[in-house]
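I would like the entire structure built from these sequences, with the hints used as guidance.
Given next are the chains, with one letter for each unit.
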Amino acid sequence: MEFGIVELSRLQFAMTAMYHFLFVPLTLGLSVVVAVMETVYVMTNRPVWRQMTKFWGNLFGINFAMGVATGITMEFQFGMNWSYYSHYVGDIFGAPLAIEGLMAFFMEATFVGLFFFGWDKLSKVGHLTVTWLVAIASNFSALWILIANGWMQNPVGAEFNPMTMRMEMTDFFEVLFNEVAQAKFVHTVSAGYVTAAVFVIGVSAWYLLRDRHVELARRSITVAAAFGLASAFSVVLLGDESGYTATHNQKMKLAAIEGMWQTEPAPAPFTLIGLPDQEARQTHYAIHIPFVMGLIGTRSLTTVIPGIDQLVATAEDRVRSGIIAYDALLTLRAERAATPPEVVQRFEAHSADLGFAFLLKKYVDDPREATDAQIKQAAGDTVPTVWPLFWAFRIMVALGFSFIVTMAYFFWRASFRQMRYPRWALHLAVWMIPAPWIAAEMGWFVAEFGRQPWTVDGVLPTALSVSALSITEVAMTLAGFVIFYTVLFIIEMGLMLKYIRKGPFQDVEETEAWVARHRARLAGRQNADAIAQPAE
Amino acid sequence: MILNELVSYETLRVIWWLLLGVLLIGFALTDGFDMGAMALMPFVGQTDVERRVAINTVGPVWEGNQVWFILGGGSIFAAWPPLYAVSFSGFYLAMFAVLACLIVRPVAFKFRSKRDGYAWRSNWDRALFISGAAPALLFGVAVGNVLQGVPFHLTDDLHTVYEGAWYTKFIGLLDPFSLLAGVVSLAMLVMHGGAWLNLKTEGAVQARARAYGAVAALVAAAAYGLAGLWMAYGIGGYRIVGDYVTDGPSNPLHFTVEQTASWLSVYGDRPWIAVAPGLGILGALLTFAGLRAGREVSTLLMSKLSILGVISSVGLTMFPFILPSSTHPGSSLTVWNASSSHLTLFVMLVVTVIFMPLILAYTAWVYKVLWGKVTPDKDGSAGPLLY
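Protein chains in written order, with numbering that gives the first Met the number 0: chain A, 0 to 535; chain S, 0 to 386.
Simulated from the structure, these hints should not be mistaken for lab results.
From a predicted model like this one, the values you see are computed outputs, not experimental measurements.
Accuracy of the hints is not assured; some may be wrong.
Facing chain S, according to a computed beta carbon distance under 7 Å, are these residues of chain A, among others [as the list claims (entries may be wrong)]:
#1 E74
#2 F75
#3 M495
Ideal Cβ positions, reconstructed from N, Cα and C, are used throughout, including at glycine.
Structure follows, in structure tokens:
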């Protein structure tokens, strides 16, 4: 691959976005876990729960700062590196980003200060309210960001305006209730909850293996396992929902994920594993499970899922139709109100395919002058590279199922085995800690790489979306981000590990005194049981 | 949807121009004091505990304050997409520098006091100082460039193209007038930070904050006055010529623009806008007086008035221009040609009308909960200081 401005900008966006998403899922999940812990504290008044709230709250704080810091890049990078994208779809895409700030991020950032500084300044219930507001606002943040992203996958409620050369919003509620956005939101938030659950269980398991902070660790596992089990089911089910919506919105992405080159008779089989070959247009050594793809993709036995080759043929028709739209557009722009009505009609009939004509801009300045070969080439470009999608998707799904199993196991031990865990399970939990991050990054990769060659599916090609920058400029900022983010990552990991090793350090005496009393009470009850039951 | 017809496109554009001002001023008033306070922190705090006092005055609120910046970015994206597209890619490397600062700040606040050790803490102190002072300067430099016009043009497809190589584009930002504008902005925010520390601290830290803040107030007033004179005699302005509509499609190429001798000629047409620069200078002088006299709440208010005056003077002078092009005036972005669609502006207005009062209310509540001086323990140790 030649590294031009498009590739460098993509690399920078991918890097900064995936880096940002190292922190987001833990923020989403841990904020809720902490709020649940504090709720138990307020209801039971047991100091150990306050200590848990503060301990996990501290780790939340370290992670949150990084999430905020790296989120700033995301908010401005569209304008910096994706100038034409910003112009072309800002009318729709900008709105959810701004609403996120107004409705969610402001609340989250304003109250998170009080979460840390407000313990002595607020009543118990007052502080609990603040904690919940932080958790709720974090989750609302995700909602608006995914509405923005959902629109890139499925651009509804908007149409092209030839006078302003951009997409403009026609129906806000269609953008808001975009089915892709809704499915993605619940999937992403659940993924965040699973991440937090695996993290809490992993760290607690590490304490149990060392016989430290046992009271805190056991209770934390109980909360996290219950929370994590529900979320792990949700993340897999809603992931399936995302797949289902892709069947009618992003057929190419779905076909690429499946490595499905030719259209199969319905219900199509699911390729469990195989080696996709882009050149030969087939998947070698494929192991198929009959019917499964058709069932999850269409929820029917008769609906056909189109394969890649068929989709390329459709794309070619759309490129040709887009050229007609482009031609009419030039007249419209020159004549404005004086445009002959038949040109307006021709434009309206073909404007949905205008984006496909833009695919030709890579090869020729004026799409109307494209040769037949170039049109075929542009249609072929609508196929993303299959093998990375194929594999990333399978890794994500396999991890998703492993979370269900792990969470179910810990939930069972917590509920029915007196919160006692065998050492192998504790070791496994520690080693599992990176898994949800890998799954989440794979998920984003599938979503964004699978949309290529588009930034907005079927509307605006990625190659056209970039700013008119020099390679030097983008190379400099890319290098800057790499160095800067690496240093920050090392510092952040160092602090995270330091605070995990240190363990809870707030309210120590009070909690220890309570633990001693609590153990004495439990021991007393066991003695009482022993006396009540006559020895055999 | 027909509801958006309730408010005319022209009115919505003016409202969003005002809201753009509200966001910039909101950002300068809130994040401004914590940037200013961090720019002063190494000078007002000579021991670790004193520095922690200065940091903890903004510790619980900087996160919320910084959202004004992020919301500013988001709102420009939503309401003025061409401005978002042209300015951030045009000021590319400068924007990167600002982002780097704003990324370091959160981390520095959170991490600084999480380890002991002189090297660790003094490195983070340096980071806090630079990430407070540098953006304060760069925002002013950006305004200086906007006033003079930026070298870009739009193609027929509305792609943005910049003139010149990347280094001239970057170094070109730092012309003398823009640097002066940077000094105005830096001095103004340091003054504001001084007024904030004066309110939130006591003893030696407070005394030093007063002294440095007072100097900054004088510098701000003088530099702002000088910039005004420069604009009167040395900086050309822009105006729209020919027929144009204020509620047409957002396409800058539908307009004709020419350069004028000076921006300040608009003061002849609308003399009342002289209130803004007057407020800017008077507020700064009153802040100086207040810091010298040791008044607390009223001094912070004066400092806020000064910032309000200075920022609104820029907007009012340029209206209806938002981002003029120095090389191709016909590509200039104005209130009438660089907004979102009628519907989007309306939707965003509804959302803002609902949430902005809520934001102001809970922000006020948080400040009320945190009201009072930040102090270390009686024995001189950091005690209750979290950061």
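Hints versus structure:
Look at E74 (chain A): its Cβ gets to within about 5 Å of chain S, closer than 7 Å, so that hint holds up. Because the beta carbon of F75 (chain A) sits about 5 Å from the nearest beta carbon in chain S, less than 7 Å, this interface hint is met. Interface hint status for M495 (chain A): violated, as the beta-carbon distance to the closest one in chain S is roughly 10 Å, over 7 Å.
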